[in-house]
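Enquirer: Single-letter residue listing:
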Amino acid sequence: MVRPPDTRQPDDTGCTILHADMDAFYACVATRDRPDLAGLPVVVGGGQRGVVLSASYEARSFGVGSGMSMTRARRLCPQAVVVRPEFEQLSAVSAAVMETFRSATSVVEPLSMDEAFLDVAGSLRRFGSPVAVARYLRERIADEQRIPCSVGVAPTAQLAKLASRRAKPDGLVVVPRHTVTAFLHPLAVDELWGVGEKTAEQLHRLGLRTVGDLAHTPVATLRRALGESLGSRLHAMAWGYDDRPVTPRRGPDEPEHSIGSDETFGHDVDDPEVVCRELLGLSTKVAARMRAAGVAGRTVTVKVRFADFTTITRSRTLREATNLTPEVYATAVDLFTRLGLQRARLRLVGVRVEGLVDAATAPRQLMLGARDHGWEDAERAVDKAVERFGGSTVRPATLISTGRP
Amino acid sequence: MKFRVDRDVLADAVAWTARSIPARPGTIPQLAGILMVAGPDGLELSGFDYETSAHAQLPVEVADEGKALISGRLLADICRALPDRPVDVSMDGAKVSLTCGSSRFSMQTMPVEDYPALPELPPVVGSVDGDAFAAAVAQAVTAAGRDDMLPVLTGVKLEIEGATISLLATDRFRLSLRELDWRPEQNEFSANALVPAKVLGDTARSLTGGSALQVALAADGGGSDGLIGFSWTAGGSDRRTTTRLIDGSFPNVRQLFPATSETTAVVEVAALVEAVRRVSLVAGRNTPIRLTFSDAQVSLEAGNGEEAQASESLDAALDGEPITIGFNPTYLLDGLGAITGSHVHVAMTLPARPAAFAGMPGEDAEPDLQFRYLLMPLRMQG
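These protein sequences, in sequence, are chains A and B.
Heads up: the first sequence is residues 794 to 1198, going by this note's numbering.
Heads up: the second sequence is residues 4 to 385, going by this note's numbering.
Just so you know, these hints were derived from the structure itself, not from any lab.
Glycine included, C-beta positions come from ideal geometry on N, C-alpha and C.
Hints may contain errors.
[Unchecked claim] Residues on chain B that point at chain A, a partial pick, calculated with CB under 8 Å: (1) P119; (2) L121; (3) L124; (4) T173; (5) F176; (6) R257; (7) L284; (8) V285; (9) N289; (10) P291; (11) P357; (12) L381; (13) R382.
[To be verified] Over 10 Å on every C-beta distance to chain B, these chain A residues come out as not near it, computed from the model: (14) E892; (15) G1020; (16) S1051; (17) S1108; (18) D1127; (19) G1162.
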């Protein structure tokens, strides 16, 4: 079929960076097989409490947003249908989406489960133009996964991300090279990547509200106010310069070459024993995922979020890479213990292992007096049982009968 | 306070005492000081960090008795730089003045009353030849752990049984065992002590001139009050040091030495050390050097096909089955550096089992089992 040329096609020359972002990912996946929920406000979240992970656009029109407490969401939109997230399904969809991205270019940098940067400079011969790649991706994902995906097409990563935000819901926005400043300058400063609440406040105090204001402030002034590095970076960004590369990464599960898992408690916890049990559960999960991916890592990081949402992390680099639960767990518990929290109320804990390498070639210094058949064999057996019988067939005894589903 | 002292004697004693001063005294600033006490028995210098104490007694003509607490770091720096002339020290108001030749220093003092009392030297339980002790400790500390997460393994275990002291250290990857003769006060004496390896190593290094070392021990208190002390004469002063024993039980590691072996090899130490150094240049961090023992040779090999590779062969006297075994090159060199004698005796069983190293005074001699080094292999996973 010969299509008439799209006369509204913007000039995408040199716009080789794509930012693809699933719209209301959790909500869309949760409802795609539930025609009964079509058009209703849907909120995805878990537990007696917890936070809103995602909200359908119908729910968003009531002011519900992700990250908000479930209680608040219910108050804003009492008629909302609350759906529990199904992480297995979500990661399957996410993996399929990332696979689709990779079918268009090998340079895919997943940022989370539902968004990624793509550098399509090498795919232009095959697709013709960046916009053609974007259309292909949107169509295939809508077709195969039945979820909407918005894409921003721009010369830089920062602009592509801003563009995809403009594209939502279910759209495509191109920022042609010659319109970069026209696109950027009316935006509010806090839309720029790297401008959080604190920086935005500082900028507002200087009377800088739009990106244009920022662009027309002498860079020396910005450096003085914000520090050398941030000052120069924001000034460059305000003019559309951004040398952030798109770094291809292993997989959607490990955007930073790491594997990790968090758990928000059903209610705030101050009992170190409960926290350690959770750390064991998370370590078990993380180590199993590392073994399944055939990787091992040297740096173990523990994340702790307090009841007031302040979050701290602590890491330690081990002498050699591991993917064994007892080693990850022992390090995690020690990091946690050394925080000396004295029964502070915690909302969430997380365990992450970074610095991943191929487990098959990672050397292992054997230990004196260790049993011939040690943890490695035990864990291999656990992996096999789980592969065959699923889920939590075999798990540490401490984790049995915690009343979790 | 007023006295005159020989420059070298003072500098040596100050440098030694300053070693037990904490780098960061934290909330107790006076611990950064060296306490100087001039009395009828001469000059006493003390340093303390609540773990380890150092005390030196110098034969000095004291004109005026007195005491002062001054910055140990500064005093050590000054003494090291002094010209070779007698040193005159005296109180000058709240300051200490130090004159040597035509150089003159004036140092601020800290309140003496706030300085903690040093622990008493426990009862002397025996003595040992200083040089022999220094050599034994240097070998034993090779395998001691440096990971503060496992405090028990940062110690050297002294097992005293009659006229023998066994020194044991391990970081879980290798193990050193040194046996040493000594002269206990009582023939049937038996005791155990877990001594911080760093302190023991420092003490051993500062033993010079073959003087006898008195060993003082209060180990059997049962609690965390265990204390070991050493006293000896060095650099023209009487010295004694005490350190708190590490609390905790050292693993029972002696039985880890395999009773039998499948393969034994005898290789010239110097040639092997050279070869390991060369070949391990291509071994990345924590990657093994592989040793293949077969056909009256040992071939060394490191690296992989993707990056750099190196190999080298040496003559070896073999007995038993051929074997290929990988080691962390640093651990291997540590062991080879610690053994004495012209040749090394390596006893192996399997590629995933520890290898035992011992020195040999000559190619055809019996292995010298006074010092043994047991090393676990480094293997590729999967």
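Enquirer: Please go over all the hints and tell whether each is borne out by the structure.
Expert: Evaluated hints:
no.	hint	in the structure
1	P119	26 Å, violated
2	L121	31 Å, violated
3	L124	35 Å, violated
4	T173	6 Å, holds
5	F176	5 Å, holds
6	R257	11 Å, violated
7	L284	17 Å, violated
8	V285	14 Å, violated
9	N289	5 Å, holds
10	P291	6 Å, holds
11	P357	6 Å, holds
12	L381	5 Å, holds
13	R382	6 Å, holds
14	E892	26 Å, holds
15	G1020	30 Å, holds
16	S1051	19 Å, holds
17	S1108	14 Å, holds
18	D1127	7 Å, violated
19	G1162	6 Å, violated
Checked against the numbered hints above, the structure breaks hints 1, 2, 3, 6, 7, 8, 18, 19 and satisfies the rest.
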